[in-house]
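As they're listed, the protein sequences go chains L and A. Oh and the first sequence: position 352 is 352 in the numbering used here, straight run, nothing missing. Take the position in the second sequence, starting the count at 1, then add 1000; the result is the number in the numbering used here.
One or more hints might be untrue.
[What the hints assert, rightly or not] Taking lysine-lysine pairs in the DSS-like style, the calculated list, with each CA pair at most 30 Å apart, reads: (1) Lys-1356/A / Lys-1294/A; (2) Lys-1088/A / Lys-1050/A; (3) Lys-294/L / Lys-1088/A; (4) Lys-334/L / Lys-1088/A; (5) Lys-1334/A / Lys-1088/A; (6) Lys-1294/A / Lys-1265/A; (7) Lys-50/L / Lys-379/L; (8) Lys-1356/A / Lys-334/L; (9) Lys-1050/A / Lys-50/L; (10) Lys-1379/A / Lys-265/L; (11) Lys-88/L / Lys-294/L; (12) Lys-356/L / Lys-1334/A; (13) Lys-1379/A / Lys-356/L; (14) Lys-265/L / Lys-1088/A; (15) Lys-1356/A / Lys-356/L; (16) Lys-1050/A / Lys-334/L; (17) Lys-1356/A / Lys-1379/A; (18) Lys-1379/A / Lys-50/L; (19) Lys-1243/A / Lys-294/L; (20) Lys-1356/A / Lys-1265/A; (21) Lys-1294/A / Lys-243/L; (22) Lys-1294/A / Lys-1379/A; (23) Lys-1050/A / Lys-294/L; (24) Lys-379/L / Lys-88/L; (25) Lys-1356/A / Lys-1088/A; (26) Lys-243/L / Lys-50/L; (27) Lys-1356/A / Lys-379/L.
[Claimed, not checked] Here are some chain L residues pointing at chain A (derived, C-beta under 7 Å): (28) Glu-43; (29) Asn-282; (30) Tyr-283; (31) Gly-285; (32) Tyr-302; (33) Tyr-303; (34) Asp-346; (35) Glu-347; (36) Glu-352.
These aren't lab readings, by the way, just hints derived from the structure by calculation. Note that the structure is a prediction, hence the values are computed from the model and not measured. Built from N, CA and C at the ideal position, the CB exists for glycine as well.
There are 2 protein chains.
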Amino acid sequence: MSVTDDARMKTARRTPLMRALGVVALVTFMSAPVAATGQSRFESSAGPLKAETLVDGLSYPWSVAFLPAGGYLVTERPGALRIVRNGKISEPVAGVPDVWANGQGGLLDVVLAPDFENSRRLYLSYSKPGDGGAGTAVMAATLIEDAEGARLTGQQDIFEMNRFTSRGQHFGSRIVVADDGNLFVTLGERGQGERAQDIEDLAGAVVRIAPDGSIPQDNPFVGEAGHDALWSIGHRNPQGAAKRPSDGSLWTVEHGAQGGDEINKPHPGANYGWPVIAYGENYGGGQIGEGNAKPGMEQPVYYWDPSIAPSGLAFYDGEMFPEWQGDLLVGALKFQLLSRLDMQGDEVAGEEQLFKGAFGRIRDVRVGPDGAIYLLTDKADGELIRISRANDA
Amino acid sequence: MSVTDDARMKTARRTPLMRALGVVALVTFMSAPVAATGQSRFESSAGPLKAETLVDGLSYPWSVAFLPAGGYLVTERPGALRIVRNGKISEPVAGVPDVWANGQGGLLDVVLAPDFENSRRLYLSYSKPGDGGAGTAVMAATLIEDAEGARLTGQQDIFEMNRFTSRGQHFGSRIVVADDGNLFVTLGERGQGERAQDIEDLAGAVVRIAPDGSIPQDNPFVGEAGHDALWSIGHRNPQGAAKRPSDGSLWTVEHGAQGGDEINKPHPGANYGWPVIAYGENYGGGQIGEGNAKPGMEQPVYYWDPSIAPSGLAFYDGEMFPEWQGDLLVGALKFQLLSRLDMQGDEVAGEEQLFKGAFGRIRDVRVGPDGAIYLLTDKADGELIRISRANDA
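One chain only, chain L, in its complex shape (with noise of 0.2 Å):
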């Protein structure tokens, strides 16, 4: 039986009233009351907010987008895409890679392309099998639904990492569609630190590739020694990536070892220093590497000690709450909270946790054309859950 089919066991043995409810089973519910209607309200500085569990059973689910007739398109780490709709999961998307779905690998982002309203055209971010093991790998295809169901079509494999491994660990990855139309894709180090420094390896770095998989020839290692594809190295696992509405500037958020996750703004051409500097230690104490700061290498914009292990990140951007535009939500697997950081230009002025224990392990967060903010949670029953102003307090 798969991740997948037990997950849907679990959603089976949920009563007929839960069902109706779409509640959600608030085992370490720590934040505050709960209303018995299968809502949830949360105090912030924003007001109170309300939470829906829009769906459940999902299978570890890891992304989520937005289709522009309304519905969501959400990966499940296993290996499924599904469209989600009017609180209905549906049968897995036909044509989705072949994934490798062990350790932290699996089917993991999906973005739409700009011009998916007219196009149906996607990009999917995964762990695909090959020699030694796998690697991170970006399929480009087209989504079509009709009669026959949801399907993809015209599938290609835009990038993949130059060199595989067996090792569980650190694939991140998002794509971000910048403002040229050029993707960014966060890799993990496949939990070798040292390919973080390797110019030639793509393991631990941001890539940027046109939408076609071909170099951008403004690549800033293109005509250097290096790979083309390289827009920074030195990172150790980016699970988050984000560009900012405001200024299309591309931001990151990378799990650190045992205390020192990053937010980043990967500039061209920059190192980020792992496994060289770091803050937080190896796992188990001790220093990891030369210490936190070295000539030629990038500082963090803002880092957490001991780690909140994020994932998602967002840049808040809608009408809902205006209060919090332009700064960022980032997802937290392990300290399972919301982190809002209060942006002032690139500067962290201050720092909001929310829902912490509420809702479990948050995989993903992203900001609707609704203004809502959306949380995908890590588990074999996940959730997507919908953010919203509770307007009658």
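Given chain L, work out where chain A should sit, using these hints.
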């Protein structure tokens, strides 16, 4: 029986072995393994740390100062000033002021004059009883230690709030001796928020006075509307303050309501906004005042939401932890931790949370002349704890 007597009795119940080892009762120890020797080891970004309890049995200790010839002066909030030397706590120093020991009030800060070695002068802040209740005051006095014991002479109240109330909340108060010899005193708004915006009221403010209590003529409100003693207004309850050694600037930390604890760098004549603007919200929910920003009111350098309940504040300046040189250390009551804010200039580049839950509520944090970090714990059987580098890693 006074609170102090109660603490003494609790101490007497400790076993001789516990006393000999200076062992700290780690009921809620969460962060790291405890050695069997009565010392505790903790991991940190600067490597392993050692925590030694220099003394326990202090009754709600509030502030510690380092005597140049060795030993420590410690205030106990119920009203005693004690000298700690060689693991022993002295009888109360005679001659301290009568204090209004209710709620958060009592004997608060103790700071040595810069020429203490010759003058033996020191400053105490305290809750002074008077018409209408109590207000924060500052006493200057001379410490005598001879065959007759330790006592204060030449006591002089050099400052007091200009309006007293019987409320038990928000006295502040810390005293910082500036490089020019003048004193900054931080003052809470006594649970009466509107007083923080009243420029004739000294509650909810930072004041600046000369060592004799007179008003420096370059104070910002001299010759303007407003009280001549004021340095900055709009503070809620600043229980921590420190001078940055590198440039002599004043920094404060204050309690927010439900969320919104603030680090500020108070500029002369500036308004820090309470209760008109604040991060966080009122207890029980609801927006504070007009929101979190307003023209003419200052933004904090950094804030926490939810509140950590910050108490003491210190800049790290010493040889023991070069990694932390120039960083801010903040003790936390509610969150029971020491926060290290990694300072890059005036910006916070990251936060490290140390000792979470290990010691209970942390009331004061100071950096000793030996470069070690000293903590006081806020309880009836309070400890003075020395944090140093564990070199036997």
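Now for the hints, and whether the structure bears them out:
no., hint, in the structure
1, Lys-1356/A / Lys-1294/A, "violated, 35 Å"
2, Lys-1088/A / Lys-1050/A, "holds, 21 Å"
3, Lys-294/L / Lys-1088/A, "violated, 45 Å"
4, Lys-334/L / Lys-1088/A, "violated, 43 Å"
5, Lys-1334/A / Lys-1088/A, "holds, 28 Å"
6, Lys-1294/A / Lys-1265/A, "holds, 18 Å"
7, Lys-50/L / Lys-379/L, "holds, 22 Å"
8, Lys-1356/A / Lys-334/L, "holds, 16 Å"
9, Lys-1050/A / Lys-50/L, "violated, 44 Å"
10, Lys-1379/A / Lys-265/L, "violated, 44 Å"
11, Lys-88/L / Lys-294/L, "violated, 51 Å"
12, Lys-356/L / Lys-1334/A, "holds, 16 Å"
13, Lys-1379/A / Lys-356/L, "holds, 27 Å"
14, Lys-265/L / Lys-1088/A, "violated, 52 Å"
15, Lys-1356/A / Lys-356/L, "holds, 16 Å"
16, Lys-1050/A / Lys-334/L, "holds, 26 Å"
17, Lys-1356/A / Lys-1379/A, "holds, 16 Å"
18, Lys-1379/A / Lys-50/L, "violated, 38 Å"
19, Lys-1243/A / Lys-294/L, "holds, 28 Å"
20, Lys-1356/A / Lys-1265/A, "holds, 26 Å"
21, Lys-1294/A / Lys-243/L, "holds, 28 Å"
22, Lys-1294/A / Lys-1379/A, "violated, 39 Å"
23, Lys-1050/A / Lys-294/L, "holds, 27 Å"
24, Lys-379/L / Lys-88/L, "holds, 18 Å"
25, Lys-1356/A / Lys-1088/A, "holds, 27 Å"
26, Lys-243/L / Lys-50/L, "holds, 26 Å"
27, Lys-1356/A / Lys-379/L, "holds, 27 Å"
28, Glu-43, "holds, 5 Å"
29, Asn-282, "violated, 10 Å"
30, Tyr-283, "violated, 10 Å"
31, Gly-285, "holds, 5 Å"
32, Tyr-302, "holds, 6 Å"
33, Tyr-303, "holds, 4 Å"
34, Asp-346, "violated, 9 Å"
35, Glu-347, "holds, 5 Å"
36, Glu-352, "holds, 4 Å"
Violated hints for the displayed structure, listed by number in ascending order: 1, 3, 4, 9, 10, 11, 14, 18, 22, 29, 30 and 34.
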